[in-house]
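**Q** Got chain H sorted already, so can you dock chain L onto it with the hints?
Taken in sequence, the protein lines are chains H and L.
Taken in order, the first sequence gives residues 1 to 609; the numbers are from this note's numbering.
Taken in order, the second sequence gives residues 1 to 189; the numbers are from this note's numbering.
If you're looking for bench data, these hints aren't it; they were derived computationally from the structure.
There may be inaccurate statements among the hints.
Derived pair list, reagent style DMTMM-like, types lysine to aspartate or glutamate, alpha-carbon separation capped at 25 Å [stated by the list, open to error]:
(1) Lys20/L to Asp180/H
(2) Lys74/L to Asp318/H
(3) Lys300/H to Glu199/H
(4) Lys20/L to Glu116/H
(5) Lys74/L to Asp400/H
Partner residues aside, some chain L positions facing chain H, computed with beta carbon under 8 Å [as the list claims (entries may be wrong)]:
(6) Glu18
(7) Ala25
(8) Gln67
(9) Pro77
(10) Val78
Glycine included, each C-beta is placed from N, C-alpha and C at the ideal position.
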Amino acid sequence: MDPREMTGAQALIKSLEMQRVEVMFGLPGGAILPVYDPIIDSSIRHILVRHEQGAGHMAQGYAQATGRPGVAIVTSGPGATNIVTPLADAYMDSTPLVVITGQVATSSIGSDAFQESDTTGITMGITKHNWLVTDANDIPRVVAEAFHVATTGRPGPVLIDMPKDIAQASMEWYWPEPSDLDLPGYHPVTRGDPELVREAAEMLLAAERPVIYAGGGILKARASESLRELAERTGIPVVTTLMARGSFPDSHPLCLGMPGMHGNYTAVTAMQRSDLLIALGSRFDDRVTGRVGAFAPEAKVIHVDIDPAEHHKVRRADVAIVGDCRLVIDELLMALDSLGLPHSDATRVGSGGTPSDAAPGAPAVPGSPAASFPRDGIDLWRAKLSEWQIRFPLVYAQTDAPGELKPQFVLETLRDATPDDTIVASGVGQHQMFASQWWKFDYPNTWINSGGLGTMGFAVPASIGAKVGRPDKMVWAVDGDGCFQMTAQELVTASSERIPVKIALLNNAYLGMVRQWQEMFYEERYSEVYLSPDLPDYVGWAESMGCVGIRVESPEEVGPAIDKANSIDDRPVVIDFRTDASEKVYPMVAAGASNDEIIVDPSLMRGDN
Amino acid sequence: MSAYGIDKRHHTLTVLVENKPGVLARVAGLFARRGYNIFSLAVAPSDDARFSRITIVVDVESAPLDQIVKQLDKLIPVVSITELAPSAARERELLLVTVEVSPETRGQVIELVGVFEGKIIDVGHDRLTVMLAGSPTKVDDFEDLIRSYGIVELQRTGRVALPMLERSDDRSNASAKVLGFAKHTEKAG
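Pulled out of the complex, with its shape left as it was, chain H reads as follows:
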């Protein structure tokens, strides 16, 4: 037999190997059965999940931690519909994902066959592109196209729908050259227009109150080093959005931290008062801008994005540059050279300007931006920012009263007890905001969360995917009790595959963020938000899933429990932290309000700090 002759299923697995896929997350079923057979003989590790949503989020966690595309494989019908949420999530957050779904045989498509669903139709609006394979000979080309589309331009999820008869049909193996890809309508632009770049550089030097508004595109473009050089050469402070945490070191004196609905006062207000926003790979999300009409009213905007459709979508840009963030920032740096901006001595300062050993509850003491990066023109601006940082820090007060373990205290203790490059995955809600606020992200790709879609239940499977991709790093999931109940069963996957993730469960017995809104905007009428602290028994549940379960109820137990968890490396650990349900996330800009109406922690208004 011709060695090149093989089944469609074999060709699919071989194509994934050609793409250097090292791991895929999945769960078999009827229509995808033929594809699962050659997996036995493949070099690719397959991780058997307990629910297809878990496979998708694991692939996302893997992709966000490694920068490589995540791969998930599921069956038709319910398998496909169960992975719709991860696809929508990855689409919102521009995460490269390749999802393979089984499909009923081509002769049955359209007949309402068993486990049939219109998968390409359902996922059309939440994938960058999808393919229904109708000829086994197309498989290598389609796989090559899928990985190309998922990972280039603005990254995103793609889906390949594989009918059962196509997987069983025979084909003659080949591997396409890049020129064989049939994508006549796909030509992402990566380099910025030199004229616009020069114009942007001039604006940058002329601005008096500039702010760099760094978004997830910095991480996607691996532009952290370039961003740092830009900030240090120009002395311009940087805000990092929820999707960009870690793209610029939190401990850097020019880092202002997270802007937006729960951003810190300085980051939010710096944008509001700025005269020039340099948006790099960010998209003016409503959670960042607040009421758009009142957002940064005096600012001119330079907007760099690889997706031209983001330009002028929310906010009109004065200079809109289409391109890859890293390439465009490097072009900007060259333009600054030609405009005569000197290389300052500060260009290579180490990070670590902010002491991380501040007493619990004390405000983070900011470094002084003005001191390290002198530059005429914007010193006053940076002095103003420093003043705000001192006046409006993030605060909380840990007391000794029973039942008042503060989530912020847990996170600060966890942060200080783990390596600086620990990967943190989170779910969605209060715990996510607390984690983003109180963690110190100094390394790219160490913060993994569901930003755009806001998918509860993201943390557990995403942390598993991240640990699979980066087994060398410590991986913690910070989760809420509401989120945990949505996807906790994937800890069975983690236990059986020996993936030692650690879960910090901030268990306040409520859907906390909804509770916070009901408290603030619905006159404390708590509608359907109470969950119970001990139903389920989280420790017992963790142990039944093969994990170590630890319960923590008081502040003095926090450190020892974390130390114990950190010492366990052969199975997952869940710590059930019983936290104070009354704690709210501050600052807050109410939905639809102007960012000028930011509500800071009430204690700052009383002047107790």
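**A** Just chain L, lined up with the frame of chain H:
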């Protein structure tokens, strides 16, 4: 007044797409999910078998044209987009209408069809089917006038369009703008 009036709200996009299954659904789905209004839509194979051409008349009051074009361009099977402003396009549309006629009105209808350079393509005892091709305004006018005789059934194809040819004395450069590969960077005006 017909709903087909030409005004500044309506821009014509001719979109060259890959001739593959499901492409029309992708285009239509994009308009639906982003809330863009389609005014008329016509699809046909192009001169190259690999591609089809979709002519879409969009309502630019439902969303800025810039956004519509860029979102459309993000669809992988969309190869190129040409935008035709109303003043820069040669637009045509085909209308078929079956109209009631009596011995008294038959002559009037035939005369009207003659004036509009239409064609009678089917004749019944008390009905005529008329075909008329022309600019959207002309088709609108005809539809208005024929209505009083009693329309039994009417179908229009939606517009197809090509850019107006430039002439040497043409002062304006407001002709067709080819978007797609060429449209990489731009600056606010």
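**Q** What are the numbers of the hints that this structure violates, sorted from low to high?
**A** Number 5 - this is the single hint that the structure violates.
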